[in-house]
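Colleague: Got chain A sorted already, so can you dock chain B onto it with the hints?
So the protein lines, in turn, are chains A and B.
Residues 1 to 45 (the numbering used here) make up the first sequence, in order.
Residues 46 to 359 (the numbering used here) make up the second sequence, in order.
Everything labelled a hint here was simulated from the structure, so no lab data went into it.
Please read all numbers here as calculations on a predicted model, not as lab measurements.
Every residue, glycine too, gets a C-beta built ideally from N, C-alpha and C.
Careful: at least some of the hints might be erroneous.
Stated by the list, open to error - So the derived list for chain B, only partly shown, Cβ under 7 Å to chain A, looks like this: (1) 137; (2) 141; (3) 145; (4) 148; (5) 149; (6) 152; (7) 155; (8) 156; (9) 159; (10) 162.
Each chain, written out:
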Amino acid sequence: MSRAMGVSSYLADLVVAMSLLCVLVGGFFARYRITRVRPVQEQAS
Amino acid sequence: MMDILQILVSESFWAASLRIATPLIFGVLGALLCEKSGVLNLGIEGIFVAGAMAGWMAVWLGAGLWGGVLVAAGAGAFFGLIHAILTVPLGLSQHVSGLGVTMFATSVSYFAYRTALPNVSSPPRIEPFRALDIPILSDLPFVGPVLFQQTAMTWLAFACVGLVWYVMKRTALGVAIQAVGDNPDSVDAQGLSVYALRMGSVVAGSALMALGGAFLTMSAFDAFFFGMVNGRGWICIALVIFASWKPGKALLGALLFGAFDALQVRLQTEVGALVPGQVFLMAPYILSIIALVIAARSADYPRALLTPWFKGQR
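Looking at chain A on its own, in the form it has when it is part of the complex (with noise of 0.2 Å):
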């Protein structure tokens, strides 16, 4: 693929690396959830 891309294998080979860690981590913080809490105030209102 990176041969038909006409990129450097070494730079292909870092990718690919940096990607299976993103993911890795993007595994992990897909188990939460962001929520905004309201203040009490406006939710009294």
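Modeller: Relative to chain A, chain B alone:
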């Protein structure tokens, strides 16, 4: 048969065995330290490459040989820290993280090499560690050439075996590291930080692994080549199980593999015409597998190996 016996009693064979075993000693000690704390470090192969590249590059850029050794250890510690962060506080898969670190460290090393030397076909050479010439001891028959004409890094490897053994068996830190690999809850109950102990062990172990790579470029050879690590890291992972996580046995396992490897090289030249060379190349690995199968039955593995630990969660 006589040929094999002649090889086994020759000085050059045992000297070569020790030379081949040296990077394995560093690697197996590093892996042992990581696994004793409960973290499997499959990044070892990449950390070997990073250590080899960083040490050689530092010396080529003008640092002294011991400066290169420190730079290699620092590079190993850096990649070990990445693995430690991913596996200890985040508790991610140690297998996937380790393989990711191997890929990352290898590709960063090759990329750095190519970026620094874009149009070089053969790598520049450095002045490597020379064999020590100890007065009187180096001149002893048989023992002199085998033991006392090795480089300083081989002696450093032996010193590291003693140091790791001492720390593990005789210090409170060693007891804590072993406890965190067996029962992290008990360590937490003692008020010690499980995260700090595990991360520290992985970082220190990775620095040791990188010294194995540095030996290749700064002692065994005098330059960095692609593929020069050639699976030594994976051998170390197997040797840790063979050694049953004990530093003394780790030294024995590394020497055994080094002897098999040195023997196959000599057998190729002696009886290479009768048997295909690939058979000899396979021999050390097959013998290692057989030794592993026998030794692994009684292996005393850390109970919490591969088990992530989170504070407050039992």
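Colleague: Determine for every hint whether it applies to the structure shown.
Modeller: Taking the hints in turn, this is what the structure says about them:
1. Satisfaction of the interface hint for residue 137 of chain B is found here, the shortest Cβ-Cβ separation to chain A being roughly 6 Å, below the 7 Å cut-off.
2. Of the supplied interface hints, the one on residue 141 of chain B holds, with its beta-carbon coming within about 6 Å of a beta-carbon of chain A, less than 7 Å.
3. About 4 Å separates the beta-carbon of residue 145 of chain B from the nearest beta-carbon of chain A, less than 7 Å, and the hint is met.
4. Given the 7 Å rule on beta carbons, the hint for residue 148 of chain B holds: about 4 Å separates it from the nearest Cβ of chain A.
5. Look at residue 149 of chain B: its Cβ gets to within about 4 Å of chain A, closer than 7 Å, so that hint holds up.
6. A distance limit of 7 Å between C-beta atoms decides the matter here; for residue 152 of chain B the minimum to chain A is near 4 Å, and the interface restraint holds.
7. At about 5 Å, the closest approach between the beta carbon of residue 155 of chain B and any beta carbon in chain A falls short of 7 Å, and the interface hint on this residue holds.
8. Hint status for residue 156 of chain B: holds, given a least beta-carbon distance of 4 Å to chain A, under 7 Å.
9. Taking 7 Å as the C-beta contact cut-off toward chain A, the hint placing residue 159 of chain B at the interface holds, the least distance being around 5 Å.
10. Because the closest C-beta pair between residue 162 of chain B and chain A is about 12 Å apart, greater than 7 Å, the hint is violated.
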